[in-house]
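Undergrad: Residues per chain, in single letters:
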Amino acid sequence: MAAYDKEFIIRYADNELSEEERRQFEADLLTDASLAAELSLYLEVRRVLEQRLPPDAGADALRSTLSDLNKEYFASPVRRPSRVRWIAYSAAAACIVVVVGIYLVSSGNGDFIDRLGRTEMVSTESRGANADSVLQQAAVFFNNQQFDKALPLLDKAVAADSSSQLALFYRGIAEWHTGSVGLARKDLTNVYNGESLLRYEAAFYLSLTYAGEKNRAAAMEWLDKIPAGTPVSSRANELRDKLK
Amino acid sequence: MLVHADQRYITALLENDQQLIGDIYRRFAPTIRSHIMNHRGTADDAADIFQESLIDIYNQARHNGLQLSCPFEPFLLLVCKRKWLNELKKRGHSPVTKLLDDLSEWGEDTFAVAEGVAREEDKARVFLEQFKRLSEKCREILRLSLSGDPQEKIAGQLGVTYGYLRKKKSECMATLLSYIQAQKI
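If you read the sequences in order, they're chains A and B.
Heads up, this note's numbering is the position in the first sequence plus 16, with the first residue counted as 1.
Heads up, this note's numbering is the position in the second sequence plus 329, with the first residue counted as 1.
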């Protein structure tokens with residue numbers, strides 16, 4: 017690189033050189049890639065500092081909004097209630113958090129799969145949005161094990177938001193409970209193929225659908241998709257032990 | 330370039346539209362939390378990554394006019410995943426494998442936009458971190474010099490001559506460039 021120090025490069029970029037100095041510098045710039053790179057870095061640093069150093073009220077306001085939402089959506093790990101609960105808090109901004117609870121009703125031999133899984137939809141807070149209201153109504157039937165009544169509502173929730181992994185997941189389970197195993201597998205497989213929090217729960221239920229048909233190989237195949245350390249891993253191990 | 334309808338989420342961040350930002354959380358936060366908690370993170374880690382990714386996207390939209398040519402969800406996922414990968418590396422969890430193996434499924438366009446945001450924000454972060462290492466005097470001189478106000482006015486504010494301000498500004502900026510170059514970004 018030609019013998020220019022950083023301060024000289026900065027003075028060039030800031031238009032503080034004499035005409036003669038500028039001409040010589042620009043001539044060297046044409047043939048000196050290192051010099052050009054150093055100038056480019058300075059221009060980039062200057063641009064970023066010009067943008068980021070002044071106070072940004074918009075960013076501050078956004079951070080405040082995000083902090084509030086973080087408390088709502090990331091405050092605690094997924095809970096697994098031990099019984100049916102319906103908790104309605106009065107907060108205005110809210111979401112549905114659905115938690116799965118599974119009860120091993122009997123550890124006896126035989127047809128234990130039929131009695132293995134009971135799921136709960138637990139709403140921590142109420143929300144005005146239509147799709148969520150439908151989910152809440154579905155949850156009432158679902159938690160009373162009235163899956164045939166929950167299904168139309170879950171269909172409605174899926175129709176309102178086809179990307180809703182919650183609705184797909186619970187519709188899959190409701191379909192399983194009402195004997196529509198093929199449809200159940202389709203919904204649960206979609207959830208598993210997505211990236212939602214429920215994907216390993218979906219794998220677990222897919223395993224259950226096969227275990228219910230005494231298709232041990234397929235059941236084990238789905239269990240094997242559940243890594244250690246997920247919210248459903250311990251229950252998957254329990255089922256794996258049963259299948260063995 | 331055709332702007333995707335999900336640009337509305339970017340606009341929501343720029344305008345602090347609480348309803349639509351709430352929608353971003355409702356739709357996408359569970360996925361990010363799941364991903365991070367399945368890759369050695371905690372719920373707090375997930376919250377930080379999610380928030381900082383949204384701030385990065387805001388910054389790129391505000392300062393560089395970011396426009397989405399792809400759906401928001403895979404774009405946000407990639408920004409978050411890349412940020413978490415970097416965090417894991419910082420924490421010494423290496424080698425980190427398979428975290429980004431699924432990039433191909435999102436499409437080159439989404440990947441390119443997400444990488445662009447991440448790269449620009451990484452650089453900006455380094456610049457600002459190194460800026461903080463400067464002396465208080467240097468930080469003040471640069472802050473004022475880059476404010477857009479006339480240099481003569483700034484010299485008056487600082488109680489120095491215009492010539493001294495120019496010289497000092499170049500010195501401070503040169504020091505900053507040295508710090509940045511030492512980071513080998």
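Everything labelled a hint here was simulated from the structure, so no lab data went into it.
Treat the numbers as computed from the prediction; the structure is a model and nothing was measured.
Warning: the hint list may mix true and false statements.
From the structure, some residues in chain A lie toward chain B, with a derived Cβ separation under 8 Å [claimed, not checked]:
id, residue
1, A19
2, E23
3, I26
4, E37
5, R39
6, E42
7, A43
8, D44
9, L57
10, V61
11, Q67
12, L82
13, L85
14, Y89
In silico DSS-like pairs for lysine-lysine, Cα to Cα no more than 25 Å straight-line [stated by the list, open to error]:
id, chain 1, residue 1, chain 2, residue 2
15, B, K418, B, K466
16, A, K22, B, K418
17, A, K172, B, K497
18, B, K513, B, K452
19, A, K258, B, K513
20, A, K230, A, K172
21, A, K241, A, K258
22, B, K482, B, K496
23, A, K172, B, K466
24, B, K466, B, K482
25, A, K172, A, K202
26, B, K466, A, K260
27, B, K482, B, K497
28, B, K497, B, K466
29, A, K202, A, K230
30, B, K418, B, K513
31, A, K22, B, K466
32, A, K202, A, K165
All C-beta atoms, glycine included, are put in the ideal place defined by N, C-alpha and C.
Undergrad: Would you mind marking each hint as holding or not holding in the structure?
TA: How the hints compare with the structure:
no.: 1; hint: A19; result: 15 Å, violated
no.: 2; hint: E23; result: 4 Å, holds
no.: 3; hint: I26; result: 5 Å, holds
no.: 4; hint: E37; result: 13 Å, violated
no.: 5; hint: R39; result: 20 Å, violated
no.: 6; hint: E42; result: 18 Å, violated
no.: 7; hint: A43; result: 21 Å, violated
no.: 8; hint: D44; result: 18 Å, violated
no.: 9; hint: L57; result: 7 Å, holds
no.: 10; hint: V61; result: 5 Å, holds
no.: 11; hint: Q67; result: 4 Å, holds
no.: 12; hint: L82; result: 5 Å, holds
no.: 13; hint: L85; result: 5 Å, holds
no.: 14; hint: Y89; result: 4 Å, holds
no.: 15; hint: B:K418 <-> B:K466; result: 35 Å, violated
no.: 16; hint: A:K22 <-> B:K418; result: 33 Å, violated
no.: 17; hint: A:K172 <-> B:K497; result: 67 Å, violated
no.: 18; hint: B:K513 <-> B:K452; result: 11 Å, holds
no.: 19; hint: A:K258 <-> B:K513; result: 56 Å, violated
no.: 20; hint: A:K230 <-> A:K172; result: 32 Å, violated
no.: 21; hint: A:K241 <-> A:K258; result: 17 Å, holds
no.: 22; hint: B:K482 <-> B:K496; result: 16 Å, holds
no.: 23; hint: A:K172 <-> B:K466; result: 63 Å, violated
no.: 24; hint: B:K466 <-> B:K482; result: 17 Å, holds
no.: 25; hint: A:K172 <-> A:K202; result: 17 Å, holds
no.: 26; hint: B:K466 <-> A:K260; result: 72 Å, violated
no.: 27; hint: B:K482 <-> B:K497; result: 15 Å, holds
no.: 28; hint: B:K497 <-> B:K466; result: 10 Å, holds
no.: 29; hint: A:K202 <-> A:K230; result: 19 Å, holds
no.: 30; hint: B:K418 <-> B:K513; result: 17 Å, holds
no.: 31; hint: A:K22 <-> B:K466; result: 19 Å, holds
no.: 32; hint: A:K202 <-> A:K165; result: 20 Å, holds
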